[in-house]
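Protein chains in written order, with this note's numbering: chain A, 351 to 610; chain B, 27 to 284; chain C, -5 to 246.
Since the hints were derived computationally from the structure, they do not count as laboratory data.
Among these hints, one or two may not hold up.
Reference excerpt, derived from the structure (chain A facing chain B, CB under 10 Å, subset only) [as the list claims (entries may be wrong)]:
hint, residue
1, Gly434
2, Ile440
3, Phe443
4, Pro491
5, Ala507
Backbone N, C-alpha and C fix where the C-beta goes; we use that ideal spot for every residue, glycine too.
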Amino acid sequence: MSTQASPPSTSGVKLQMDHVRKTFERDGKSISVLEDINLDVRNGEFICLVGPSGCGKSTMLNVMGGFLSPTSGSVAIDGETVQGPDPRRILVFQERGVFPWLTVEGNIGFGLSKLSDAERKQRTAHYVQLVRLQGFEHSYPSDLSGGMKQRLQVARALAVNPDILYLDEPFGALDSVTRFIMRGELLRIWQTERRTIIFVTHDIDEAVQLADRVVVLSSRPAKIQDVLTIDIEHPRNLSSPRYLELRDQLAQKIGLAYSV
Amino acid sequence: MSTLRKPATWEKFFWPILAAALLLAIWHYSVIWTATKVFPSPLSVEKGLVELAHKHVLWADIIDSLRRVAIGFGLAAIVGIPFGLALGWFPSLHQIFNPVLQLLRPISPIAWIPVAIIFFGIGDKPATFLVFLGAFFPIVVACASGVSTVPSVYRRAGRNFGLSPAQILVRVVFPAALPQILIGLRIALGIAWLVVVAGEMIAVDSGLGFLVIDSRNSGKRYDLVVAAMLIIGVIGLALDLLFRQIEKIRSVRWGFRS
Amino acid sequence: MNWLARLRPVAFIAVLLIIWQVAIDRHPGQLLPGPWQTLRGIGDLLQHGLLFKYIVASLFRVTWGFLLAAVIAIPLGLTIGWYSRAEMAFNPLVQIFRPISPLAWIPIAILWFGVGDLSSIFLIFIGCFFSLLLTAMSAVHNIPDVYIDVGRNFGLSTPNFIYRVLYPAVAPQLIVGLRITLGIAWLVVVAAEMIAVNSGLGFLIVDARNAGNRYDLVVAAMVIIGIIGLLLDLAMRSLEQVKSFRWGFPEN
């Protein structure tokens, strides 16, 4: 893994944010949420966005995904400016993302209507396997646990073969044990079918465990305060000195206290 | 809720039977005690029920009432569901139509009888029109509300997967709103049943409502009046229970609390 | 863009009125009035002092029937909802009586109360009673268990519990139920007055038609009924805005 803070902006750059600013109008006042964001993400990278609550991480993700347009500046993917949501870059939500009226199969097949029946069945079966939901193909989300629902969302997202996967605190609503397991699952899936992943979290352990690079955002209006490169190979030993060192660095950058 | 121990299954039958028996007893004895000449006792109502069942008029009346409900409710659903969905989907449409709807809604369908008779003459049609009016508003409101309260997560996901607005409406918004739409339909059906009975008491000469008023007018047959009322209640309940079965279908069950 | 939001419905109503007037003009000699005629009909009623007299009569009956039903049905419903055995006992009976239109009670009402105010109040009472009973029962079911546990945990006596936990917890739902039931009462009073009494807005409709085919008064009465019904609804909605009830409603 590269040890540079920001990779060269030519080769292998998947997503580019150029002087992105985002302001919202509310009650006649302008609220600046994102201020001068510049970021290059390489193809196949796993990026985590961390920052204090409410700093604008989700807004940034939505701008990257095309759900919001920047007030100024631009977002480009493969050189093309982002105009709106697109199946080539799928967003996974924290909660209530899966459609409750469709079965597991129905959800995964949701974006696959353009395929033939046979192809769709095959693709669906593959992703059911990948996220380990075999046996639940005909179950409804109301029968699934929180972790299983999130896995379902990931499967649905991956089934349409996107280039980029955005995850907005996807494990935030889960208990800590499940969260831990889900991180492992996500890494396993990422290593099997490599895509560019941009993952928002407020959990610094999560960020250091998952990311190639961690982008630290300041509180609102958000600027990129720092970019930390995690140069540990997977699987990462959580007691290794390097891990603890990076974790402490990250904690410091965010300004967290050293002991409780 | 209460802190007493959980009731056993046999109690599910015991208590209602006890309550009904108590009610019947109070009824029976107050009839005797007040020595009323007119108000029927439970026994005479039971005889009245048998009498009605044997006279074929009862079945014709039931069919008449049900037919008017079916047509009126059906029309209200056919017109009201798309209209309500449109109101929920396009805020500008909602702005345009809502004030007029709010003004028309508090007018009892029964108050429309004179106007309905002018338009439709006498007989089945005005009664069906009243049922339509009664069912229309709750259906429209439920559909509009169902659509506008679909969580934005679902719509965003639809856009994300490259669906056109029309596709989002059909494949995301409609299934998401379906539980609320069904509730609105069930409530509208209940209202339709109330309206048809009321309408038949004034504007037509067949149906269960007519049976109620006619039994009194031609002979003060209060036993038949109460018998007819009970039949009205039971059929209304049956309609409601039937509809609730639809709510159990798996692809909408998620929207209802167990 | 706020003015546009106000303009659209007004423009639409104006268009409807125009269509209405044109439709009437093209069919001379038929009975239904156009908007102008209706307005003059309202003026007529005002002049003869009938308008307010009838409005008051209808409101009077609604108020009595509604309040009586509220006073009886709400405590009863809360109790039945609370004790599962009581609910098991009474729910089937309620479910059978509920689908019976209040108007179907007219023969019994006239038998017990004669023709006049009392029987129409009774009909309104019936209509409101079941609606409020079921609302109260449902409101009790919807109290989050956690509130009850907290009440028990703090060792509240029963009257205290009712006053400090039960009532505030059910109040928002009850208010909504009261608003809906008021709407029902307004529907029932008009229908009841068309059959069983001789004053009020419902009576006005039948009377205007029977005594001379005054359809302008019929439609005028319908318009007034709509307006008052709407005003009643808006008044109840403003009650929902009262701060201490607002916790039960989502932030707007």
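We went through each hint and held it up to the structure:
1. Gly434: Result: holds, 8 Å to nearest chain B Cβ.
2. Ile440: holds (6 Å)
3. Phe443: holds (5 Å)
4. Pro491: Because about 7 Å separates A:Pro491 from the closest Cβ in chain B, which is inside the 10 Å limit, the hint holds.
5. Ala507: Check passed: Cβ of A:Ala507 comes within 9 Å of chain B, closer than 10 Å.
Hint compliance for this structure: no hint is broken.
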